[in-house]
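Construct the entire structure; sequences and hints are all you get.
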Amino acid sequence: MKKLLLIALALLLYQQVPAQNYKFQALFIFNIAQRIEWPSIANEFIIGVAGSNEIMQELENISTKRQLFGHKIKIVQLSTSNPKVDHCHLVYLGRSSSSKIDNMIPVIKNRPILLVGDKKGLKGAHINFLDTPGKIEFEVYPNSIKSQKLKVANSLYELGIVRH
Amino acid sequence: MKNVLFKYMVAVMALGIFSNHINAQQEKPIININELTLEQMKNYTQDDLLQLPFEDLIALVKKFKLSSVQELYNLLLNPTQSTASKMEEDVFQSPLATTVITADELKKSGARSIPEALKLAPGFIVREKTNGNYDVHIRGNDFIAPGSDLSNSVNSTTLVMIDNRPVYNSFLGATFWENLPISVNDIDKIEIIYGPSAALYGPNAVSGVIHLITKKADKDGFQTDFDIQAGNNNTKIASGAFNYKNENWAFNLSGNYTNSDRFQDTYYIPQLNEEVSGEEVGAQNAIKDTNYIASEFTNDYSLAKDQGAFNIGISYHPSDNIELTYRGSYQASTIQTAYMDVGSVISTRKSSSFSNSLNLNIGNFDGHFSLLSGNLNAIKGMPGYEYDYKEAIGKMGYNFKYKNLVVRPGVTANYAYYSDEDYVDVEANTGLLNGSAELGTIQGSLRLDYTAFERLRIVGAWLQGYFYKPERSYNSYQFASSYKASDKTLIRMVASKSNSSPFVLNTYMDKSIQMFMPANETNEEGTSLSLNMVGNENLKPQEMNMLELGVRHNFMKNLHADVSVFYNKSKNYSQLVSEQRNPGEQETGSAPEEEINQEPGSSITITESMQNMDLKSSQFGVTASLKYVMSHKFNAAIFATYQKTDLDDFKISDATVYQELTGEAIDPMTLNQDPAYISMEHQYTPSFFGGASFNYAPSKKWNINTSVYGYSKQKSFYTEGRSFMNVEIDPKISFNLKTSYQVNNWMQIYVNARNLTNNTNREFMFTDKTGGIYMGGVNIKL
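So the sequence lines, in the order shown, correspond to chains A and B.
Our numbering puts the first sequence at residues 1 to 164.
Our numbering puts the second sequence at residues 1 to 782.
Just so you know, the hints here were simulated from the structure itself, not pulled from any lab data.
Every value quoted in this text rests on a predicted model; they were computed, and no experiment measured them.
Keeping only pairs whose Cα atoms sit at most 25 Å apart, straight-line, the calculated DSS-like set for lysine-lysine is:
1) A:LYS84 with A:LYS149
2) B:LYS557 with A:LYS23
3) A:LYS74 with B:LYS219
4) A:LYS23 with B:LYS62
Cβ-Cβ distance ranges computed for the label pairs, FRET-style:
5) A:PRO106 with B:TRP746: 25 to 33 Å
6) A:LYS146 with B:ASP188: 43 to 51 Å
7) B:GLN223 with A:HIS71: 20 to 28 Å
8) B:ASN32 with A:THR64: 22 to 30 Å
9) A:LYS146 with B:ASN32: 32 to 40 Å
10) B:VAL563 with A:ILE41: 52 to 60 Å
11) A:THR64 with B:PHE242: 16 to 24 Å
12) B:TRP746 with A:HIS71: 23 to 31 Å
Short, incomplete list of chain B residues facing chain A, as computed with Cβ under 8 Å:
13) GLN46
14) PHE54
15) LYS62
16) ASN745
Beta carbons are placed, not taken as given, at the ideal position from N, Cα and C, and that holds for glycine.
So this is what it looks like as structure tokens:
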């Protein structure tokens, strides 16, 4: 019994899971959005969030204080199984919902929507956060972004890690 | 480069000029990433960070290695606190022994009340007297002198504050936890300082300071937070808060209610050495003290706690440099707990109070002003223990900062008014005060804090105080030094002295008990006995001197160890001393009020007055704690204290007590004429006490928190007349478990078990055998 408990404890201790950094990720998202040329913004700049209440709260905080391109920022919660991204400009997919990206890809295809993921190398996302101890970095996929008919400022490529 | 430097200097000057301006918040912060320190960065709000160019934001993240894992390490291993130095700093940097319990830890732990939550901190002895009512001591030195009245077991040497407002009761110096108007859900963090700290906080910070800092609305707009849980023993605990915040203003309305039953409805009577039913207790108490009104003994024998409170908070924050916070609170409570040996030991304490406090921060200036008024009946049924009181406190300080030196002058004044005249027969002296009594202090302090070579820190603080009611001056000091041997290791040392303040009861007590001693079986021609108990305005307050050495070491970035070795000496304990004991005999230095004549039909007057004892205590101890954070999923803390307390010059004049304590027989008459002074180990403070907590979040929705707390055996004794009774408290370990499930964005449900294994060992002398409480609850945040 003692051995079992020790094994269980050892397994628990080695079950390392990278953590999220909501506060700075939200600030990064706000800054990334500023460095992208969006073809059309009607009344509001809409950010859809799926699978992360924490980032949603941080973004909502920002939305009460800042605008993007002279427009109010609106944060909407998206379902991961049936995301309704109709009016969204940017969609954030939380790390724990990364496996649901297959539900996202068809609905944003050929639409000027930027998909931001939170898992290294997440296929289908246009930008991915990498949260390792001591730093927050992000991957940028220029080809995927171009296919969404979005224009990215060169400075964003310099600040992120470009993947082809 | 010159241009950049010039711009930077202009920016700094501009910032300096505008920082004192009330509209400073309109100015954009000018942030030079290269010059920025971590402390400065921590002060930046989301607003400030939003103004940074993306390039600077990324540079900032890289410079300070900011990531969520790092933030988590800081939050759990090295939270900030401002109690130790009156400046915000990391726990790791504090030159004093310091612990912080955060709101997140409180919520996950499932602690029902503030004293119960203190089981999560190292160095605390927490004993449950009745269900949910606790005795709390920091490190020990409790129930000295052993064998004295049970009221000496209350903690009158720890300063407890809510947002800078001291909350101890000046009547006896104790903190009655049920009188606090806030619940655990109102608390943002509990900051704890161990050891004498009167030089910063004034008298009563003798064994330490417990600073309860309440939550502030951190988001714009409306927020609500409700928590309701219920379980066995009719336990019902509810709390709720509404918050509203906009750019400059924040409003908060909160309330809490707790109701629970005891684990038994019988009462232990030490004199009888048996449990009796509630119906018998009133009469038993009246036998022990003829003043006791038997009919006033509670008829709700099962009640443990019935308390509720409301708070209103208004905060005005016009700029980063200015904050003004008002808090008004009303509380009412009725509990059954052990306070004094009135026969049953457990009695009913009832209170209501209204408090107003104002905290003001303008730049480096901070001020606090509070008014408190209330009514407390410490022992229902015992005349004299009900009183009205008013207290006023004002304190101010300013942190002058020049390079690596911080100089903080401070001034504090307080006034307390207690009156029992509405509840007693003043003429017959049936009360404790039989009128009103006042206490007042004014004190000035100076603290110097210097850091040399970014590694060596030297702190010196001196307080000069003057009690104007009763008149007396006193001083207190604190010298501390820390040396940062590396980024991972900090070595620290503290030498400090503090004293308690005079309290109303031991200064102004004026009580008479009339007794009739029958001379024969027919009760004819007995002797009437008049016992007068009086306070002493010249009593020296209890004083502690402490030396402490400590080491903090981060073995890994996520494994933090903290060890403190402490040695303290305390003196000026006090007790009622008979000024006249036998016919023709008198104590040195006191005159008999009247010759005792034991002839039938005569009367005897005995006067007892509060006197300082020769008794001294010395304590050596070690507290060690280890904190480990694996990830957001798992973290753990383990802590333990070993201590040994010795008593010297303990005056014994009773032969039975002498024989029981020393094992040697002695002639009673000889001892009566020439009392013995003995040395002995004080075993009422347990040699070992400590605990551990583990938090595991297997997924975003589930959280499992378990904690354990325990102590070793405790021993003391009880005397009533010439009878002697050894009192032993067996070792006890209790486990707690709270498992919660986040149903959706706004609702969490949970099960919460306190004392999971239902260990019913008695924790406090003569009180209830408390067991397990199992609750289910829901938390709603909108």
